[in-house]
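On the provided structure of chain A, position chain B as indicated by the hints.
Chains A and B, in that order, are what the protein sequence lines are. The first sequence begins at 1 in the UniProt record's numbering and counts up one residue at a time. The second sequence begins at 1 in the UniProt record's numbering and counts up one residue at a time.
Note that identical chains are pooled: a pair holds if it fits in a single copy or bridges any two copies.
Listed next, the in silico EDC-like pairs over lysine to aspartate or glutamate satisfying Cα-Cα at most 16 Å (straight line): (1) K300 with E274; (2) K107 with E520; (3) K549 with E534; (4) K527 with D558; (5) K549 with E490; (6) K58 with E294; (7) K271 with E327; (8) K656 with D557; (9) K300 with E276; (10) K527 with E654.
If you're looking for bench data, these hints aren't it; they were derived computationally from the structure.
Number of protein chains: 2
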Amino acid sequence: MEAISSTLRCAFIFFTALFLLFLSWHPLNNSDIFYTSSKNRIRTKFSSVLEHGFHKPKNHLKDNPSHPLDPLTVQEINKVRTVLSSYEPFLSNFPALHSVSLDEPDKDKVLSWGKGHPLFPRKAFVIALLNGQSHVLSVDLDLGRVANHIINPTSGYPMVSMTDLSTAVRVALSHQQLNISAARRGLSLSELTCVTPSPGWYGPGEDVRRIIKVQCFLSRGTTNYYMRPVEGLTLTVDIDKKEVVNFTDTGFGIPVPRATYTEYRYEAQDKQPEMEPINPISLEQPKGPSFTVEDGHIVKWANWVFHLKPDQRAGMVISRATVRDSETGELRSVLYKGFASELFVPYMDPDENWYFKTYMDAGEYGLGITAMPLVPLNDCPRNSYYMDGTFVSSDGKYFLQPNMICLFERYAGDASWRHSEIPVIGFKIREARAKVTLVARMAASVGNYDYIFDWEFQTDGLIRIKVSLSGMLMVKGTPHEHVYQIPYTEKTTGPLVSENVIGVVHDHFITFHLDMDIDEPNNTFVKVNLVKEETFPGESPRKSLLRAKSHVAKTEDDARIKLKLYDPSEFHVINPSKRSRLGNPTGYKVVPSGTAASLLDHLDPPQTRAAFTNNQIWVTRYNRTEQWAGGLLAYQSKGDDTLAVWSRRNRDIENKDIVVWYTLGFHHIPCQEDFPVMPMVSSSFDLKPVNFFERNPILRAPPMFEKDLPVCQPSASF
Amino acid sequence: MEAISSTLRCAFIFFTALFLLFLSWHPLNNSDIFYTSSKNRIRTKFSSVLEHGFHKPKNHLKDNPSHPLDPLTVQEINKVRTVLSSYEPFLSNFPALHSVSLDEPDKDKVLSWGKGHPLFPRKAFVIALLNGQSHVLSVDLDLGRVANHIINPTSGYPMVSMTDLSTAVRVALSHQQLNISAARRGLSLSELTCVTPSPGWYGPGEDVRRIIKVQCFLSRGTTNYYMRPVEGLTLTVDIDKKEVVNFTDTGFGIPVPRATYTEYRYEAQDKQPEMEPINPISLEQPKGPSFTVEDGHIVKWANWVFHLKPDQRAGMVISRATVRDSETGELRSVLYKGFASELFVPYMDPDENWYFKTYMDAGEYGLGITAMPLVPLNDCPRNSYYMDGTFVSSDGKYFLQPNMICLFERYAGDASWRHSEIPVIGFKIREARAKVTLVARMAASVGNYDYIFDWEFQTDGLIRIKVSLSGMLMVKGTPHEHVYQIPYTEKTTGPLVSENVIGVVHDHFITFHLDMDIDEPNNTFVKVNLVKEETFPGESPRKSLLRAKSHVAKTEDDARIKLKLYDPSEFHVINPSKRSRLGNPTGYKVVPSGTAASLLDHLDPPQTRAAFTNNQIWVTRYNRTEQWAGGLLAYQSKGDDTLAVWSRRNRDIENKDIVVWYTLGFHHIPCQEDFPVMPMVSSSFDLKPVNFFERNPILRAPPMFEKDLPVCQPSASF
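Only chain A is shown next, with the shape it has when bound in the complex:
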């Protein structure tokens, strides 16, 4: 979700000082920054977080890269700042650094690299803003110089920075009209918490400057200010000129919804839930986890090896995922790189205060920068390992996202395969194998919404990519307290979910970049269509059957897929040069599950910008610059640099290095159960081996035996 919020305090200067502290804090007290700061008028105890077992992040000051894909270290981040400070175009004016990340070496180099080899020259990929211009740079860290520099390569701007957000809120709060509008409603500015929805892009009028919207909520009596919108108040702020360019107040007369029942913090609850308590339950591994994390980023577990890293924009990146062949023991490539490339969230309300809410959360805000520390025992189980993110603030200083990713073995009580024979048969067989998987997880809190990303690895070769949604609804104030008060002629844009609160209908689309390399980079995308065939007269008592027919996608045009229940297909990525012993091409298939499609008009500006959601599956020719489905510069972009545009080139994709893009969708019609915090909703898709292994790779997996399981007692506190 969808809006970065910032809070107005009476002592605004104090807040700003804190914010500067946030941007510049020292690594040795990183772990404190989230837990000590100004007193809130609404008291927030952090003891519960600490009780949950906060994992103190490591000191990353002396981290060194050991793999070509390792993220920039603290020292490298500092070097970027040094290089850019003495870079001639920036000598007089240091730009705001909106993104600083590893400029990954070319894929062929990475593929040729092996442990123990020297690293390739390390480079940083920087997106900066200066005087309203977007600068895209590559900084050679070994040579200590800018190796490449492009200005305004496409429309749009880089991700907004935390500084932008606080600037926008500050500008809005010092705007006289906001003060008047608040006073007219009997609200004081000090009670407002303001959020910063991105403006989208709605025509040439929005071309000339970097703008952001500001809307405010009443935080009186609750930390869940999201449920108390001051409806109809919208400021449009020019971020760079630091001025309000538009102000609308159409909401006078719409009451601010009350605070009752909005509070969700555990320590603020005054009652027990209406249910019997659940006895303590835990995933226990007294001998410890079975995976290792080597050199900070190489994860090894069961038959899997992959590189895992935090990313400021994508949140979490899986690289070089390889699985051990069940026959030869050889490590074989499955996925060169996989990550959430963009997240599109259009709200369905044409109102002047709502039409622009069509977020692209990865490109506009960043999924990594908003991925807060996971809560041990509740976000992730007890047997988790945590990984920190090392990111960069807009002044070029690094900061930590501690405990940003957790990694754990999941055992949910399920089987990975099983078979019984009925007793009348001579073979009295009861065979079952418990399923244990490995999960890498992060949770981005993009304002109100929380997105939990899971990459789950199974020993049978399957990778499940799951997105779960929780957090707060983006709600709309309404005069109505009851459905019966809504006039028949009034077209609401969502259901009443509390008194004076409309839960506006919206969608979520998460587009994944899946650079599949089945054994080798050159792969082919094959649609295996199940076609109904009629039998010919006399052939069979059966009149019809389904037959699997393979269609090789020769070009990008052939690989734009809309899923159809009544015209079903499987979607295989095969290596045409590598075959199983039986002659089947080795491959993986993309297996959709529950999903939703974007139904917006293709000419609607948000859909043009998010045209990457026009299909559920696309396949493109690999191009190292085509990483972000909504464009490198997604903020206020016009859609000139999206996946849909790249695909239009209709490149050859047969037996080429290809990238698969899968979009997972959700329609969300809110209901009262989503108030004041939403029960988690999940959906997923799978990457599943298909003739990749010669046979079931877990045929020989051992069952669980009682003798191996732990002996547990209630903890000493009982």
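For chain B alone, coordinates are given in the frame of chain A:
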């Protein structure tokens, strides 16, 4: 899957004796019956099963019913036999009892019943066969007489009995032509294991008698005989006349696939899998589970109370599922009855030996009768409770399915809701709640395929119904050992999954009967359609949006739903007489996830019989006789008693007692990984509260705290 198998032994009489023992065993040695019997030539050790901690079933001789929906007890089953033995039409000839189950009291009576009330007169519902006629009887156990008796109410026959299956195999094996065909292939009858696919119904020629197909496999060198088809040999057996009515041998020249790599039992593996071992991991609840099972069948957990019972045909039945209101604490009705009503599995091969493989596993074989004991620690986690099934064999004697259902609390390391605030905000919030659910599970091994049914209850009110598939493929012999040997002109009906083995393409459709009673029996089905609307010129910078539009289904015609990705809807079951404080009708929605539709021609005989799969959702008026989507007598039925026929009556369903039917589908194009045993594949759908609760019912749920969690050590065996 789809075929009940039986094994030919040299000493066939010995086998038959054992089978009779199975049908008549004494409860006190039930736990042994699965583990002591004839020696197999292929040695099978059962020690591993025992090591896993086999849960000895209880003695059920003295069970008494304590709830109107409790299944028949041993004493009641014995009484049924006594009553029918002295029932005049059966005096000279006792019929074969194909199904004996509780004849449930009328719904209004059950709804009026409360704990402590006397039970209503107990009745048994019996389906029997005598002289080729299907007898449907109700036996009043209190009065000790037959209360109702109908002969041949529809086309079709009752589920086949285990006696039928062994009869069919015996008849086939004593058929001279089979002996000749086997000898011609160099196979001895004693090496054959024969299975009994149901014949479907393919026209008037199959009306006059009860038939079954018999096909054989070579069990030489493997317990996984399913991977060694003797292709092209099919016998059609008249079960009642005990004679072969048709014999085809079209497969000479097709080699029997080899046994290599087909064995899946753990003790038969000679190698470790190619992966690092996984450390012991377990779901631990040292204070025990949080649920109770009262009076054998009433499950109470967290905010849920429901009745759970095994069923010979449906496998597992959930009744009277009620959830506690999060405001009032009152127990509120959600579901009167839910179960798997039918399971349709059409194979896609018109071949003379394959066309009929279009199984309806519940109605033809029974999901309960084929639900073998679950394997502790591997089918279900360590913290499981097990429930036995008390069923009836065709001679009227009862028998136990021990450990047929497991019930456990699942904790998979996930959260049930969460929210974080970014640090620049004054509210430094990290709130997350771990998700613990309750799962009821059974696994039916209908011949080769294993179907795992999970009913998962969440504290937020959601019920997830999941079906998982594992077991063995039904494979076809082929002369080809390699894809390159397959002539371009040859249309195979599936991929080569091993040398000489084709994995024939097939579908699975599981149709659930969901008698929703949201607070009260009278409910309304509402389709909430998301419709694309264009804005009018000048209204908004946005051109389009989605608006939720509700359509009340007035009659059954209005409630036949084909899911459409590009015309999406939610499917609500609401109580029009009960509204939330805001005026929203209280309801639950059916939430599909990944699924598949049947694409067969509606006039194809199997699709006519399985016309209940013509839509993904149907809603019918409640009728106590409409339980089985494929008809009460599904075996060789013509489709005259299916859900599709009932729905054609187009009854009023608005504000009436209604039943929702949901069909979960799978297309399966096999691959080499499915050989020799299939990694589990799952799909699910949800029943989810929508304005049923006034707000998030788990808002007040406590997080997990470290102090509450167990202290565990590796077991003593380390």
